[in-house]
Amino acid sequence: MALELTVTGLSFAYRDTEVLHQITLPPVRSGQVTALIGPNAAGKSTLLRCIAGLHQITTGHVRLEPANNGRRFPTTAGERPNDSRPGPGEVFYLPQETPPASSLTVFEAVLLARSHGGRRHGSSKRDAERDTGHALTSLDLDRLATRPISQLSGGQRQLVGLAQAVVRRPAVLLLDEPTSNLDLRNQLHILTLVRRLAADQPTAVLATVHDLNLTARFADQVVVLDRGAVYAAGPPAAVITPVMLREVYRVDGQVHHAHDEDQHLTVTAHRSL
Amino acid sequence: MGRRKRLVLLALLMLTVAVFVADVMVGGAGMGLTSLLRALFTPWATPAVDVRIVWDIRLPMSLTGLLVGAALAVAGAQMQTILDNPLAEPYTLGISAAAGFGAALSVVIGVTALPLGSVLGMAGSAWTFAMLACAVIVVFGLVRQANPEAVILLGIALVFLFSALLSLMQYVANEAQLQQVVFWTLGSLGRAGWPQIALLATVLVLIVPLFARASATMTAFRLGDARASALGVRVQRVRILTLIGVSLLAATAVALSGTIGFVGLVGPHVARMLVGEDQRHFLPASLLCGSCLLVAASLVSKLLVPGVIVPVGIITSIVGVPVFVLLILTNRRRSWPSN
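Here the protein sequences line up with chains A and B, keeping their order. Oh and the first sequence: position 226 is 226 in this note's numbering, straight run, nothing missing. Oh and the second sequence: position 84 is 1084 in this note's numbering, straight run, nothing missing.
Hints are supplied without guarantee of correctness; some may be wrong.
[Unchecked claim] Here are the simulated SDA-like pairs of lysine to any residue, each with C-alpha atoms no more than 20 Å apart in a straight line:
#1 A:Lys125 / B:Arg1280
#2 A:Lys125 / B:Arg1006
#3 A:Lys125 / B:Ala1212
#4 A:Lys125 / B:Arg1004
#5 B:Lys1005 / A:Pro39
#6 B:Lys1005 / A:Glu97
#7 B:Lys1005 / A:Gly133
#8 A:Lys125 / B:Gly1002
#9 A:Lys125 / B:Ser1215
#10 A:Lys125 / B:Pro1209
#11 B:Lys1005 / A:Ala128
#12 B:Lys1005 / A:Ala145
#13 A:Lys125 / B:Arg1213
#14 B:Lys1005 / B:Leu1327
#15 A:Lys125 / B:Arg1003
#16 B:Lys1005 / A:Arg147
#17 B:Lys1005 / A:Pro148
#18 A:Lys125 / B:Leu1327
I should point out that these hints are in silico values taken from the structure, not numbers from a laboratory.
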């Protein structure tokens, strides 16, 4: 069943400082990749953590509902507003820091994601091990299965995180900077896999990305966050504009539209303002 | 992969049993295997002296070694896991030092000062202070949101505090008391009788299965706090609960045996080298390594000087450190890798 994640009026404060202010996102649909962009300290990671339920939000709702082509889901009189909150294991959040260099093996780390608190928690041990094997194979990690995480490269560690997401089959996958610390080839590789994951599982992916060119290429929709509030949201070509670059990123830049069917964008920044 | 690790566990178990049997067989009084077995299995048809040697001296000692080793190693393993620090163990967190001070206090200030002193004795007083140190750590952890670095720093501060207090006790003690205090702090397996052994066994039987049930949760800690909480682990809560369980284990073990360092640190490290960090294998391996190490040390302590039992706390480090260094040097896989 296709699901969509909706975030309405979400605010969050660290002690007295409001970090996120009345965030309302367009529906994040399963099968699609939604990119969250914005300068450093805009609140991107905090927003992901709030959606994942790791922070106690002060106001607003995070809902996971059957996709209804935009129609409001009929609410009955006695229904609590939080009824459709995502259940445990439905949302999986991959933090920005890659797993620390432990001597846990790749297989063990992925099996752990399968057996701890996921939606498929509680099924038999053999099933868990089989699913783990499949997940590793699907990401070409099977030959690394018995290696300790400490021996992996940054890109490989990021793949372990994705394998955890594959084996857990969350309805919503939240990725915090999945491409940070990776070289160009690995950035493309990871984002290609993320796209495939979104379509195959299917999962609603919400990812923070720094590289605007990559964002334009891999995202179905883009949300721009600026100082804890949503600046704009929509398709990449509509959102990534010189005006946005100037107002949000404070750079003087240009956006070139390539005239192929993929609608690639090229963003170049000339100077900071 | 899982198969190899299960084989390693089986080998460890057999080794521990072998060392345990050898430890029961060796002792001050030369006793043949036949009379030993007779005393063990048909005590009613055996000379009373043999029965007393086996049931009142040998078995309690060996069992104490087995249980104390297991408790210290499990405590060390879980402290290292939840505090993400390869140096964490009951000794470095001040639990042993607090127990030492408690024992010294009961000897030096004695029965008169503490109303419960006569009932508690040295072990009771040691246990009380060990638990007090644990309580301080746990309360501090609650206040500081269980921040691992802060907890470790506090533990080290406690080591210094209780060492100083122990020195103070030694300073004011008379000669006889001093001897008692020093002997206690050296660590020995010969002090515990059957009731104390039963107590430690009970604590182990209560706590180790809890850790075993939570093995996935504990393993998740090795992915870092952020990822563990993303997997649904309530990091702070688990950290505090684990600290409480570990405290009970360590305090009870240290109260029975006195200060025995090294086992709580090295048992888990050897286990990690052998089976890695997945708790399904790491927990039993740590337990067995701890038992095996301490019972082997007890065996050596009996063999080293004929007719004399050298305090086991001395042996664990003197014999254990070279073996451990050799393991570190020869092990290709780093047991606590850093980036």
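The hints, checked one at a time:
1. A:Lys125 / B:Arg1280: holds (12 Å)
2. A:Lys125 / B:Arg1006: Roughly 16 Å between the alpha carbons, so the hint for lysine 125 (chain A) and arginine 1006 (chain B) holds.
3. A:Lys125 / B:Ala1212: holds (16 Å)
4. A:Lys125 / B:Arg1004: holds (18 Å)
5. B:Lys1005 / A:Pro39: violated (47 Å)
6. B:Lys1005 / A:Glu97: With a Cα-Cα distance of about 30 Å, the restraint between lysine 1005 (chain B) and glutamate 97 (chain A) is violated, given a limit of 20 Å.
7. B:Lys1005 / A:Gly133: holds (18 Å)
8. A:Lys125 / B:Gly1002: Distance of about 12 Å is within 20 Å: holds.
9. A:Lys125 / B:Ser1215: Measuring from Cα to Cα gives roughly 14 Å; hence the hint holds.
10. A:Lys125 / B:Pro1209: holds (19 Å)
11. B:Lys1005 / A:Ala128: holds (18 Å)
12. B:Lys1005 / A:Ala145: holds (15 Å)
13. A:Lys125 / B:Arg1213: holds (14 Å)
14. B:Lys1005 / B:Leu1327: It holds: about 18 Å lies between the C-alpha atoms, which stays within 20 Å.
15. A:Lys125 / B:Arg1003: holds (14 Å)
16. B:Lys1005 / A:Arg147: Roughly 14 Å separates the two Cα atoms, so the pair holds.
17. B:Lys1005 / A:Pro148: holds (14 Å)
18. A:Lys125 / B:Leu1327: violated (33 Å)
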